[in-house]
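Trainee: Based on the sequences and whatever the hints tell you, model everything.
Spelled out from the first residue to the last, the chains are:
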Amino acid sequence: DGGITQSPKYLFRKEGQNVTLSCEQNLNHDAMYWYRQDPGQGLRLIYYSQIVNDFQKGDIAEGYSVSREKKESFPLTVTSAQKNPTAFYLCASSLIATNEKLFFGSGTQLSVL
Amino acid sequence: SQKIEQNSEALNIQEGKTATLTCNYTNYSPAYLQWYRQDPGRGPVFLLLIRENEKEKRKERLKVTFDTTLKQSLFHITASQPADSATYLCALGDTDKLIFGTGTRLQVFP
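Quick mapping for you: the protein sequence lines, in order, are chains A and B.
If you read the first sequence in the working numbering, its first letter stands for residue 1, the second for the next number, and so on.
If you read the second sequence in the working numbering, its first letter stands for residue 1, the second for the next number, and so on.
Honestly, I wouldn't trust all of these hints.
Claimed, not checked - With a straight-line Cα cutoff of 20 Å, these simulated PhoX-like cross-link-like pairs (lysine-lysine) come out:
{"hint": "1", "chain 1": "A", "residue 1": "K101", "chain 2": "A", "residue 2": "K14"}
{"hint": "2", "chain 1": "B", "residue 1": "K71", "chain 2": "B", "residue 2": "K97"}
{"hint": "3", "chain 1": "B", "residue 1": "K55", "chain 2": "B", "residue 2": "K71"}
{"hint": "4", "chain 1": "B", "residue 1": "K57", "chain 2": "B", "residue 2": "K3"}
{"hint": "5", "chain 1": "A", "residue 1": "K57", "chain 2": "A", "residue 2": "K9"}
{"hint": "6", "chain 1": "A", "residue 1": "K101", "chain 2": "B", "residue 2": "K97"}
{"hint": "7", "chain 1": "B", "residue 1": "K63", "chain 2": "A", "residue 2": "K101"}
{"hint": "8", "chain 1": "A", "residue 1": "K57", "chain 2": "A", "residue 2": "K71"}
{"hint": "9", "chain 1": "B", "residue 1": "K97", "chain 2": "B", "residue 2": "K3"}
{"hint": "10", "chain 1": "A", "residue 1": "K57", "chain 2": "B", "residue 2": "K55"}
{"hint": "11", "chain 1": "A", "residue 1": "K70", "chain 2": "B", "residue 2": "K57"}
{"hint": "12", "chain 1": "B", "residue 1": "K57", "chain 2": "B", "residue 2": "K71"}
{"hint": "13", "chain 1": "B", "residue 1": "K63", "chain 2": "B", "residue 2": "K17"}
{"hint": "14", "chain 1": "A", "residue 1": "K57", "chain 2": "A", "residue 2": "K83"}
{"hint": "15", "chain 1": "B", "residue 1": "K17", "chain 2": "B", "residue 2": "K71"}
{"hint": "16", "chain 1": "B", "residue 1": "K59", "chain 2": "A", "residue 2": "K71"}
{"hint": "17", "chain 1": "A", "residue 1": "K83", "chain 2": "A", "residue 2": "K101"}
{"hint": "18", "chain 1": "A", "residue 1": "K101", "chain 2": "B", "residue 2": "K17"}
Stated by the list, open to error - If you want the footprint, here are the derived chain A segments under chain B, 3+ residues with CB under 8 Å:
{"hint": "19", "segment": "36-42"}
{"hint": "20", "segment": "99-113"}
Just so you know, these hints were derived from the structure itself, not from any lab.
Remember, predicted model here, so these are calculated numbers, not experimental data.
We treat Cβ as the ideally placed atom computed from N, Cα and C, and that holds for glycine.
Mentor: Next up, the structure:
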């Protein structure tokens, strides 16, 4: 079964700690995205990647970092510089980088201890 | 700046009726509009995409309209079922950006 796998489902961050969220897809999609979802707000784009070894900042990239060393993988690191990290994080992919027909993972809920 | 409005109040309807959800937008001329379904604690699932030159699109019990003059899309679910209960997100976009609305929660009761 093709799809996107995010892990872990729940993650807790201590003060000053960096944490990494995993996102893997076996859909052979070129484009991958990271979104943040907060209650009462629409999804906001953190980073996106159109192709391996290339990525661009989205609307709210400060305090986050990504890498795209393999087509299948697009991990997101939430750094200590992100002062309000508590949110539901969603990884998505699309066949090509047109923002159409996004496939989403099941999400990671990040909370601060 | 671009703005998308979806009814933040939940829509409650009886099983078998048609549910109609609204997505309004301003200050933007999108190339297409998409609708997604999201269940609690899960990622959104793509449902339909309609382009700016299309007036209507259907998929099984789903129908989407797109009025670029009114800057509005309507999303219809006919013969609604309790399993249709979820939050529905609209998203406007082009190759450079995709903007999501906050979603409308639909509750279908027996």
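Trainee: The structure should be examined with respect to each hint, and the outcome stated for every one.
Mentor: Cross-check of the supplied hints:
1. A:K101 x A:K14: Roughly 35 Å separates the two Cα atoms, so the pair is violated.
2. B:K71 x B:K97: Roughly 17 Å between the alpha carbons, so the hint for K71 (chain B) and K97 (chain B) holds.
3. B:K55 x B:K71: Distance of about 12 Å is within 20 Å: holds.
4. B:K57 x B:K3: This hinted pair is violated, its Cα atoms lying about 23 Å apart.
5. A:K57 x A:K9: violated, 24 Å
6. A:K101 x B:K97: holds, 13 Å
7. B:K63 x A:K101: Given that 20 Å is the threshold and the Cα spacing comes to 17 Å, the pair holds.
8. A:K57 x A:K71: Holds - the C-alpha atoms of K71 (chain A) and K57 (chain A) are around 18 Å apart, at most 20 Å.
9. B:K97 x B:K3: holds, 13 Å
10. A:K57 x B:K55: violated, 34 Å
11. A:K70 x B:K57: violated, 36 Å
12. B:K57 x B:K71: holds, 16 Å
13. B:K63 x B:K17: holds, 14 Å
14. A:K57 x A:K83: holds, 18 Å
15. B:K17 x B:K71: Distance ~26 Å between K17 (chain B) and K71 (chain B) Cα, so the pair is violated.
16. B:K59 x A:K71: Violated, at roughly 31 Å.
17. A:K83 x A:K101: Roughly 32 Å between the alpha carbons, so the hint for K83 (chain A) and K101 (chain A) is violated.
18. A:K101 x B:K17: violated, 28 Å
19. 36-42: With 3 residues close enough to chain B, the hint holds.
20. 99-113: holds (count 10)
Checked against the numbered hints above, the structure breaks hints 1, 4, 5, 10, 11, 15, 16, 17 and 18 and satisfies the rest.
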